[in-house]
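Everything in the sequence shown is counted per this note's numbering, starting at 148 for the first residue and increasing by one.
These aren't lab readings, by the way, just hints derived from the structure by calculation. From the three backbone atoms N, C-alpha and C, an ideal C-beta is built for every residue, glycine too. What you were told as hints is all true, and nothing was included just to trick you.
Straight-line C-alpha distance at most 30 Å; calculated DSS-like pairs for lysine-lysine:
#	residue 1	residue 2
1	K303	K287
2	K202	K263
3	K287	K301
4	K303	K327
5	K202	K221
Here are the computed distance ranges between Cβ atoms for each label pair:
#	residue 1	residue 2	range
6	D207	R260	19 to 29 Å
7	S212	V185	26 to 36 Å
8	T219	P197	17 to 27 Å
9	E284	V181	39 to 49 Å
10	A590	A491	34 to 44 Å
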Amino acid sequence: MSFRYRVPRRPLAGSTEPTLPFGDGPPGASAITVSLFVARLNGVLRASLPDTWVKGEIGDWRIWSSGHAYFTLKDASAALPAVMWSSDVARVPFRPEEGMEVLARGRPDVYARSGKLSFVVSEIQPVGAGALQLAFEQLKARLAAEGLFDPSRKRKLPLLPRRIGVVTSRHGAAVRDVLKVLSARFPNAHVTVWPVAVQGAAAPDEIARAVEGFSRHSAADVVIVARGGGSRDDLSAFNDERVVRAVAASRIPTISAVGHEIDVTLTDLAADLRAATPSQAAELVVARRDDFEGRIEGLGRELTRTLKGRLLAAHADAARLLNAPALAGFPARAASLSARASSAARELLSAVRRLPAAYRERLLRAEGAVAAWPSRAALPLGLARTAAAERAASERLERRLGASRERLGALAASLSALDPLRVLARGYSVTYVEGATAPLVDAEGVAPGDALRIVLARGTVRARVTDISKDGA
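Work the whole structure out from these sequences, hints included.
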């Protein structure tokens, strides 16, 4: 590589650097400083070769402690020293290796202190299927090591999302397929399409910003990242680290639907769910009405089975408890007490019904007696006697009702006290020697090592005798 450069007769416009007279005189009569020469040389190089892509093989790749990378770009007949600053090295999605063919974008620069020409690289890309696959595998391994593809990170999609976000091209087939399926399956869904470039240099940034935007503003319940089929180069944006990290970091569940079924991108691995096509992604987001009806019917059947099973288990527990030897006489005693209580209630009701008729008859007799009195002078005395009789009758009625209530309460208390379930509920238990049907009431009925079965208010406990004390201690 060679350049021809003629030193201008005038200083560069706007230059503040010192200059000396120059012209065609003898050496030393006109000259510029080395610093100025290098500065002007850099100006010419950068003006003639701005932001240039150079293709070549990597040689002597080294990363210093500062993070800067120093290497050589070479082909069969030339070599170019190159440098890549640490901030740019951090964005390289693969690990450059010796002999790897790459495309490097940068600018020429002459380092003033040494006068050494270098190619300052800002971006580097692998060339060829082998190099691209190697870069893909390297990035995949690095992101997997960080846990971005871990199945435990995957979230379930909402059952019926109200708001659906779609990140895809505005005019591509993918957006048409998604909207067609969504309108057929769930016409009331609110769909927001965030149009982006899905291939080309601008695609990774646009896709990443769209996913981050939905997440940051909670603008959807689920997000579909979609693109139709294409070559590996066409799908490269979905293997870009920026897009993969945006999908993995999204607070909203994501579905990746990129390319065809055989295409697997890193975005597919980072998303909560992968769909083979954009249409399938839309189908996964919303279910059909008959799908919901089927699920509801299934849940109803499961609930019925569960309740029936619990009722049968409770009935079996109750029957087992009632048939326990300790409760063998309880039904008969309960029936007897219930009959006595019913008889007392009937007697009380009959007495209450008879009282009004009896007192009405007594009142009529009193009225007849008053009518038979010979003079009105005796009327006040008769009325007073009648009032006294009414008070006495009322008091007797209250006493009889109170006595009947007390009797009925005592019978109910006796019935409750004889309920063995209430006795057990107060902390008591019934103990059997294992295999016996009669409860254990005497310590002489067991020996050390005997197995015991202890019936509690809820459940049964089995134990073994370790010590016997007959004095109750």
